[in-house]
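Given the sequences, and given the hints that come with them, work out the whole structure.
Under our numbering, think of the first position of the sequence shown as 168, with each following residue one higher.
Incorrect hints may appear among the rest.
[To be verified] In silico PhoX-like pairs for lysine-lysine, Cα to Cα no more than 20 Å straight-line: (1) K474 x K504; (2) K742 x K675; (3) K686 x K723; (4) K413 x K450; (5) K723 x K675; (6) K682 x K752; (7) K682 x K723; (8) K752 x K675; (9) K700 x K630; (10) K686 x K697; (11) K630 x K682; (12) K373 x K404; (13) K721 x K675; (14) K721 x K697; (15) K721 x K700; (16) K682 x K721; (17) K742 x K721.
It should be emphasised that the hints constitute simulated quantities derived from the structure, not laboratory data.
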Amino acid sequence: MSWVSTVITAIITAALGTVLSGYVALMAIRWYRISGFEGKSGYYIVAMALIGLVVGLAVGVVVSRVVAANANPGMLKSVGISVAIMSGLVAVVGTVGRLKADVPPTLDGEHLMLIVEARWPATHTESPAVTPGISYLELGSIVSRVQRASAKGALWKEDAQLVNGRWVVTGAVHLFTERGDRVIEVALNDSVRSGLVIPLPRRPGKAQLEWSEWGPKDGRNGPTKEDGITYRYRVQKSSLPIRTEKIGQFAVSVISNGFQAEVPDGTTTLDPYGAFEVQYAGKPVTFSAGATPFTRTGMIALLPSEKPALLAYIGDGTRDSYCALLVDDGTTFREQKVDDCSNSLDADELTSDSATFAARKLASQPRGRLDRRTFAHSSLLLFQKSVLNARTLHIQRMHETSASAFIPSVPPLGLSPDQSSFVRFNYGDRGESEPMLLVVNFARDQSYSLPIDPVRMRFDELKALTPTWLMHHFHWQRNADGTDMLTVRPDFLPIPYYGTVTDESDGKQAYRIQKAGQKIRLALLEHLEKEFKVVREAAAVDDYEYPVTVDGQKLKVASSGDFGYVMVSMDHSEKASDIVARIGKSFNDALATGRFDELFVK
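Structure (structure tokens):
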């Protein structure tokens, strides 16, 4: 055989190796859930294809020369052997990769969820719902008596039911792998945990759609143990609901694609993410108040009205998406479009209460459960061009120009006493140099604006704008026709300038003063020399950071003219202490006297 035949054999084998390796890499992306973020999965395919190319070239050359040395050489013979060897190598690699991967089992082409009921012993009289701490259901995969992988799912302890004198709690978890023996564990908190190895087949079939017997048992065929938590389980297709909650004649069911951590009320829970299906009086609801009909909703919340009512986000994030009001009228239900919504229940609370305002800014809407908390005490909810009364279920529409001219990152700052007008923050034609308030009378679909004097009505950041700030500078006055109008307080005193102390990622603290520059830094350094006996290090006055030492601790006093702030922070070599907080309190007291007001950037 000539070297030309060797080259041809190598090229054919390399081409086959490239294609087969690329295909195995493509399958491995699914098996090992390789992310496409920043092209990671694409790079993986290219790398594996290149390996297949190199190995294919090597196999083709070696086999061709071995065949050439035999008694009956031939190019077709060398190509056939090379292709067979290369195909075998790729098949072995692919098979091992598939066996080592956590590939979810399927039934009729669908992934599966494992549904578990945990039953407490009769001696446990307290409901699991009152047990504090995070609750979850965990599914583990055991190989050679070692748990090699696990996945967490939801355990709905708040749904605990008393059945024949024993508390029963339901949970669900994604059946994420075919590998190993399966073990389930119920956790109510760090101290209440219980597990059980379950005899679930590698690939569950239709028989596993039915509930298993309660376990564990005393021996292989003995009775169920009664002195601890017992379990039963079944599998179901992922397209079916895993949890259903009822409100009036509404039944809200969640279809899960997986589970994620949620912090709906300050307590971490594991909730499913996916979509909701709604039934009314046992019949599926189709949402048709928008341009496109939908059969599922992405988020859904309970409203505090006398009639059972729900607020739902309908759509897929397109311009046809909207928020809908669903009302149980007793014999029928009614759906009304409240407003267009982008990708959530886009509603702001209209309030003048500072505590409610602060709580709503920090609140997050749970996505994997019927939201019973977010709007539980709400009255008026502001959408893009409408206001929903969450108690009477009345929707007040507004003209687009009255409702849209505001800064979205700043929630409504106040509500008039007659509950007909709300206040939003905005900028005038000159941008940030012209801050203003927009007052919208939604009852009359009218609006007017009031200028903000940035010198006397001080706020260092947009997050400083609150109902308290509003009522310090403005007040409501009722005019002759009984309408509340917002006007400037004639006798208000400017809020003192101040800095804020924040906790940094390294556990240390920083003290930052906004709208400040070089003059404030010099004043701060003089204050530190007087009150803290600071030792200044060698540095130029206009350097970004000015090193100082206070009580033997190294600090940095920074000044940014571009971003308009002065900041005190600890040197990276120092351990965390309260020195920055003490400096912040001391200088804030000095700022409150007003003697440094003229040094701030106007």
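Evaluated hints:
Straight-line distance between C-alpha atoms of K474 and K504 comes to about 18 Å, which keeps the hinted pair within the 20 Å bound. Pair hint K742 plus K675 holds up; C-alpha atoms about 8 Å apart against a cutoff of 20 Å. At roughly 16 Å between alpha-carbon atoms, K686 and K723 fall within 20 Å of each other, so this suggested pair holds. Of the pairs offered as hints, the one joining K413 and K450 holds, with about 13 Å between alpha carbons and a cut-off of 20 Å not exceeded.
With a CA separation close to 13 Å, the supplied pair K723 and K675 stays within the 20 Å bound. Pair hint K682 plus K752 holds up; C-alpha atoms about 18 Å apart against a cutoff of 20 Å. In summary, the hint linking K682 to K723 is supported, as the alpha carbons are separated by about 19 Å, within the 20 Å threshold. With a C-alpha separation of about 16 Å, the suggested pair K752 and K675 falls inside the 20 Å cut-off, and the hint holds.
For the hint linking K700 to K630, the alpha-carbon distance of about 34 Å lies beyond 20 Å, and the restraint is violated. Distance restraint check for K686 and K697: the Cα-Cα separation of roughly 17 Å lies within the 20 Å cut-off, and the hinted pair is therefore satisfied. Restraint check for K630 and K682: satisfied, since their Cα atoms lie roughly 14 Å apart, inside the 20 Å limit. Distance restraint check for K373 and K404: the Cα-Cα separation of roughly 10 Å lies within the 20 Å cut-off, and the hinted pair is therefore satisfied.
In summary, the hint linking K721 to K675 is supported, as the alpha carbons are separated by about 13 Å, within the 20 Å threshold. A C-alpha spacing of about 17 Å is found between K721 and K697, which places the hinted pair at or below 20 Å, so the restraint holds. Between K721 and K700, the direct Cα distance comes to roughly 13 Å. Compliance with the 20 Å bound is thereby established for this hinted pair. In summary, the hint linking K682 to K721 is not supported, as the alpha carbons are separated by about 25 Å, beyond the 20 Å threshold.
A threshold of 20 Å between alpha carbons decides the hint, and for K742 with K721 the separation of about 10 Å falls inside it, so the pair holds.
Hint violations for this structure: numbers 9, 16, all remaining hints satisfied.
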